[in-house]
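**Student:** Given the sequences, and given the hints that come with them, work out the whole structure.
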Amino acid sequence: EHRWDSREHMFRESRQDGELGACPRESPSLHSRFTTLTITREPRSKDGAMATGQGCASTSSGAATPTTTTTTTTTMLFEPSGDGQTPQVVVLVGAPGMGKTTMVRKVMVEWGEGALHTQFDFVFCIDCKAIVLPMEASMADLVSRCCPGLQVPAGKILDDQKKILFILDGFEALGFSLVQPEAELSSDPRELKPLELTLMSLLKKTLLPEASLLITMRPTALGSLRRCLKGENYVEILGFSAARREEYFHRYFENPNKADVAFRFVRGNKILYSLCVIPIMSWTICNILEQELCGKKNLLECSQTTTGMMMFYLSQLLKHRDRDNPQVLQQFLLQLCSLAAMGIWKHKVLFEEKEIKDCGLDLPGLLPYFLNERIPREGEDHESVYAFTHVHLQEFFAAMFYVLEDDGETISSLGRLEKDVNKLLESYKSRKDLNVTVRFLFGLVSQKSIEYMGKTIGCRISPRAREELLEWLQGRHRGLSHPGQALKVSEMDTFHFLFEMNEKSFAQSALGHFTDLNLQDTRLTLYDQMALSFCIQHWAGLGSVTLQGCSFHWRDPEAELDVSVPWVWWAGEQPGQVRCAEPLFSMLSRRLQWCRMSESCCAELAALLAEHPGLAQLELADSSLGDSGVRLLCEGLRTPGCRLRILR
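With my numbering as the guide, the letters of the sequence shown map in order to residues 1 to 648.
Take these hints with a grain of salt, some might be off.
What the hints assert, rightly or not - Computed cross-link-like contacts, PhoX-like style, restricted to lysine-lysine with a CA-CA straight-line distance of at most 20 angstroms:
hint	residue 1	residue 2
1	258	346
2	432	270
3	423	346
4	504	448
5	156	205
6	319	455
7	163	129
8	432	348
9	162	205
10	432	346
11	419	348
12	163	205
13	448	346
14	230	205
15	230	162
16	429	488
17	204	230
18	429	419
19	319	129
20	204	162
21	348	423
As the list claims (entries may be wrong) - Pairwise CB distance ranges (calculated):
hint	residue 1	residue 2	range
22	475	364	42 to 48 angstroms
23	190	257	55 to 61 angstroms
24	129	456	20 to 26 angstroms
25	637	429	42 to 48 angstroms
Please keep in mind that the hints were generated in silico from the structure rather than gathered at the bench. Using N, Cα and C, we set each Cβ at its ideal position, and we do this for glycine too.
**Tutor:** Right, here's the structure in full:
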């Protein structure tokens, strides 16, 4: 598997000189696909406490700010810290999907290629998520069990412990108690003990005290482990920086043109671009777009919504969970969504440990998939606090709260938050921070989403909110139109909502009573253009479009010198570029008003006039066409296909 999310049942050992096995086979593909992750180094403390961040968007609060750096090599993980000491124990922390196992694979590859021959002669990697371990074992037994082809006795290898690195990947999956009697710990690598005691002896350094340890785990499991370790260094994976997100897309796609198109798709969607800080989300989007773009002429034909991407991400996140009891998942999600919605209403992103327990969310098999734990530093007197892996995930689950089927018995100590969709929509008038939640709400109640959530994830979504959403959309724009005037749609978010639902019949019903589209001073990102294109195609009564001071943006919406033009993108300059405004013309029957148009746009406008004979009236107020621009426009007016009657 060449993609980021490759998961091997890895219990592998090899040696740089080739004595004990070959270098891992995935070396070339891992080198070509691996993208540098942003990490933060936490200074060591007496109790090993650390504060986990929430991706690149934020770092921990309180106390000293951690040192942030980037790394791709094991040598940097085990390099001397600020006090000059080389750590023997490194704890690599990260939320699910942040890249912990990928980092471990990178460690194995680099060591197998000789990058670490001065540090370690042997590296033993235990995949705690996949391996079936015996009830009793000595350390020598574990080494022999994982490496049956050893040409040197395991006991002899362990005698030179300074040159050994043990990797425990996904440590929390072992699931045993970390509270063991000190007197029963082992110091002999050949002594047979219960597995818990053998591994606890390794952690406590009574066994092989000079060997090095690399432990990967989720933040929610960190609290109990820190009490077992001494002198450890903590390294947290924060995900992809802005530059690395683009690099990842180019590494994923073999075709640079496809990579460019896919990344522009994400860059034009603020929600998805922000979520791409999480590596598995970047993989999810690349995976979907690879299939979506196959055979498509351009991205405006792409039907993938932000909600659809989120649902697929959720299915990948829960792929390996126990599916034997769907009622447990449904009940857990009900409480999780209630917590998320409560947080959205109260502008709250941090939740206390008591809130988590009172909601019944303290389930180790599910909680780490959704929430990160921030453990208090030494000297802080508060309990652990929790936060969703990303704020957009909290908004997604807040939207789910309103549509997830409830048996009527879900009541927590937080109080029962009323599932009143109309209250949410009414509040949106004054609270635009609810935009993403409302957008996800539309996406979740589409028939496609309801079927996907039920079949793939096991969640029952109610369609009851659809009628309320339809009435709200129809009513909000009627109130903005003056009596006697044509009913017009002038809010861009309406097109976002309809695009997220992505249902032709719903869009037709929502827009059926309106005849005019009026947008002013709007920077249309690629996502905006996709939403607009979808809605116009299903807007039978559209007769007039006014775009005053608007501009289409195809590449980076944040760039100082954006390579967009205020009218239309033309084909030919870069692969994949399209006439973004063309769907506007194809649906028009009467009038187009476009203000502040520049001379450089006239050639494209002239060509489009010839291709759309239905356009009868064109208004170009406050435009700087220039003599050459007017000449180009006249060429379009002279073509046989042009049926324009009025030009202002």
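**Student:** Among the hints numbered above, which are violated by the structure, and what are their numbers in rising order?
**Tutor:** Structure breaks hints 1, 7, 13.
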